[in-house]
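Chemist: So the chains spell out like this:
There are 2 protein chains.
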Amino acid sequence: MLFLVGLGLGAPDDITLKGLKAVQSSARVYLESYTAILPGHVADESSSSSSSVESVVTGSPSGLQALCDAYSIPANSIKLADREFVEQRSDEILENTEDGSDDEVNVTLLVVGDPLCATTHVDLMLRASERGTKVSVVHNASIVNAVGTCGLSVYRYGEAVSIVFFTDTWQPDSFYDKILANRQRHNSDALHTLCLLDIQVKEYDPVAMSRGEFRRNPPRFMDVHRAARQLLAVEKKRGQNAYGADTLAVGLARVGANDQAVAVGTLEEFARGSAQERAAAAARAASEEDDDLDEEERERLELGRFDAGELGPPLHSLVLCGTLTDVEQQALERWRRVAV
Amino acid sequence: MLFLVGLGLGAPDDITLKGLKAVQSSARVYLESYTAILPGHVADESSSSSSSVESVVTGSPSGLQALCDAYSIPANSIKLADREFVEQRSDEILENTEDGSDDEVNVTLLVVGDPLCATTHVDLMLRASERGTKVSVVHNASIVNAVGTCGLSVYRYGEAVSIVFFTDTWQPDSFYDKILANRQRHNSDALHTLCLLDIQVKEYDPVAMSRGEFRRNPPRFMDVHRAARQLLAVEKKRGQNAYGADTLAVGLARVGANDQAVAVGTLEEFARGSAQERAAAAARAASEEDDDLDEEERERLELGRFDAGELGPPLHSLVLCGTLTDVEQQALERWRRVAV
Chain D
1 MLFLVGLGLG
11 APDDITLKGL
21 KAVQSSARVY
31 LESYTAILPG
41 HVADESSSSS
51 SSVESVVTGS
61 PSGLQALCDA
71 YSIPANSIKL
81 ADREFVEQRS
91 DEILENTEDG
101 SDDEVNVTLL
111 VVGDPLCATT
121 HVDLMLRASE
131 RGTKVSVVHN
141 ASIVNAVGTC
151 GLSVYRYGEA
161 VSIVFFTDTW
171 QPDSFYDKIL
181 ANRQRHNSDA
191 LHTLCLLDIQ
201 VKEYDPVAMS
211 RGEFRRNPPR
221 FMDVHRAARQ
231 LLAVEKKRGQ
241 NAYGADTLAV
251 GLARVGANDQ
261 AVAVGTLEEF
271 ARGSAQERAA
281 AAARAASEED
291 DDLDEEERER
301 LELGRFDAGE
311 LGPPLHSLVL
321 CGTLTDVEQQ
331 ALERWRRVAV
Chain U
1 MLFLVGLGLG
11 APDDITLKGL
21 KAVQSSARVY
31 LESYTAILPG
41 HVADESSSSS
51 SSVESVVTGS
61 PSGLQALCDA
71 YSIPANSIKL
81 ADREFVEQRS
91 DEILENTEDG
101 SDDEVNVTLL
111 VVGDPLCATT
121 HVDLMLRASE
131 RGTKVSVVHN
141 ASIVNAVGTC
151 GLSVYRYGEA
161 VSIVFFTDTW
171 QPDSFYDKIL
181 ANRQRHNSDA
191 LHTLCLLDIQ
201 VKEYDPVAMS
211 RGEFRRNPPR
221 FMDVHRAARQ
231 LLAVEKKRGQ
241 NAYGADTLAV
251 GLARVGANDQ
261 AVAVGTLEEF
271 ARGSAQERAA
281 AAARAASEED
291 DDLDEEERER
301 LELGRFDAGE
311 LGPPLHSLVL
321 CGTLTDVEQQ
331 ALERWRRVAV
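Chains as they are written, first to last, in this note's numbering: chain D, 1 to 340; chain U, 1 to 340.
Careful: at least some of the hints might be erroneous.
On the chain U side, residues computed to face chain D include the following (Cβ under 10 Å) [to be verified]: (1) Phe-85; (2) Ser-162; (3) Ile-163; (4) Leu-248; (5) Glu-328.
Computed list of chain D residues with no C-beta within reach of chain U, every gap over 12 Å [unchecked claim]: (6) Arg-83; (7) Leu-94; (8) Asp-103; (9) Val-164; (10) Leu-232; (11) Gly-239; (12) Pro-313.
Hints were generated in silico from the structure; no laboratory data involved.
Bear in mind that the values here come from a model prediction, so they are computed numbers and not experimental data.
Virtual Cβ for every residue (Gly too), placed ideally from N, Cα, C.
Excised from the complex, chain D in its bound form (with noise of 0.2 Å):
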């Protein structure tokens, strides 16, 4: 039997009971690593700790006893399965997992948010089928549905859309089109629309790609700030009107985590960055001639004024409001700053 198991939001007890029961009768257990990370204290997206991939994913360099602890399973049995691992070596993953044979075991792959909240691990159950392997999904929280959070009714989104890091050369904007979708519909009120933002944990150094070396760069986590400058460019480029650097937007950090945080405020607020990245600038500004500062650096400097973006760590998701119910107003309200 292969169960294919839902970690939730990340903390080792929003398993489910189900899941940890699988994971308990598993010869053997991997958790995927590519597609999300557990919350916890990573790196932020302007570190440059070199943070090892395991600390990166499970939130700490113990994070993987953590898990083992947490789920009462010997120490060491949880393994690591990158996206190669899991699509080119899916026949190690199934080893013995054919039903009814003598040598059957059970083996679980753990998945960050809901198992199969994206088709990625659609392959995994073909081969697994093809085989008469038996499969078990046992679902769990995700963003999809976690967002509800924020107040803002889940059955009111449109197509959720992806952003990735913008490069000097590579900006990608197909999220445009979509987001265009969501708010500009005909007779109809806007929907919202969940950003899923960028996460780059095993990316390697094309610089150093180019001298030969694979090193990898440290790992990135795109947050509020980025993604709402990214929008605003993309905007100022296409100009169809989206949306605007008026646009009532819904940052959220670490959902379902203790400290998860919740912010309001407009494209434009979120543009002007976080308390950090304004400090920086403002020493920045001071150790260079004033003349140097271009307007709009000047311009951020002096509006920074407004905290509907201190979310404090990853993970990051952005919500652009669509048409807002009268309750779902009320609920924003809860997140909404004032300005210091």
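Please arrange chain U on chain D, whose structure you already have, making use of the hints.
Modeler: Then chain U, alone, in the frame of chain D:
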């Protein structure tokens, strides 16, 4: 402290460890009984059994007791809370929950699915905040993300719709515009649409009411067959080609339960009905003059050879497929049955 605890898809062991801790720490535990039901043996739409609300909501007359046993809490310590109770008697629910007060207790409201997947409980959260009660939300799976089990990407759904039981005089079809918007997007592939099907567990019998008697109707749960027929009836009326008889759909039943069922077929195939319905129609036909069969009925009997819809008891959901990716196509092939 007020805990809003998601029960996930409904079996007792679908609760998370975090949710279980909340329940076990609570002086009072309520089960929200109006937006969903726990799975198990529930009367289907055609049944005339007069099941009690408790047996319907919890799946068996001893359902609440089974939950108490599963959670290792005292017998009879879970109270059913219907809509009126949650909305109008929130003072009773929130009694002595104020943060830091001398007699502070924890209280848990159990909710099938995810507690914040609709805005239903935002009002209770706001009332709690007003009186100084901390609120902790324990997320869990809901149909919104668990629908991924069929193999269609959860990120490629447009706005979800609700389909309610039509009567002779009341046939609300606001879902039509939403499906149209999901399927006919400008410059873009069509999105999938999740159709949430009506549940009526505490409806008063209007005929009895007109005689001054308050008698509840037996519970009804819409199945995929009726949903498909209502959808096609509305298309016939509206005629904007939002979908049609050939539109591919996925029927899902008891998602996440051990006896979960999934079937793929066209809307027309689903509309033909279940084996039970077809057998009943055949029996009626045998006991009547052949001439009494109208053309539509005869056609349904003749065409009813596809088992797309053999999904069994509630709860059912229906997905209208948008444009399929290759992986989605392959994933759906698993559920395709051969006509018999």
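Chemist: Now, for every hint given, state plainly whether the structure supports it.
Modeler: Checked hints:
no., hint, in the structure
1, Phe-85, "violated, 19 Å"
2, Ser-162, "holds, 8 Å"
3, Ile-163, "violated, 13 Å"
4, Leu-248, "violated, 16 Å"
5, Glu-328, "holds, 6 Å"
6, Arg-83, "holds, 15 Å"
7, Leu-94, "holds, 17 Å"
8, Asp-103, "holds, 25 Å"
9, Val-164, "holds, 14 Å"
10, Leu-232, "holds, 22 Å"
11, Gly-239, "holds, 16 Å"
12, Pro-313, "holds, 19 Å"
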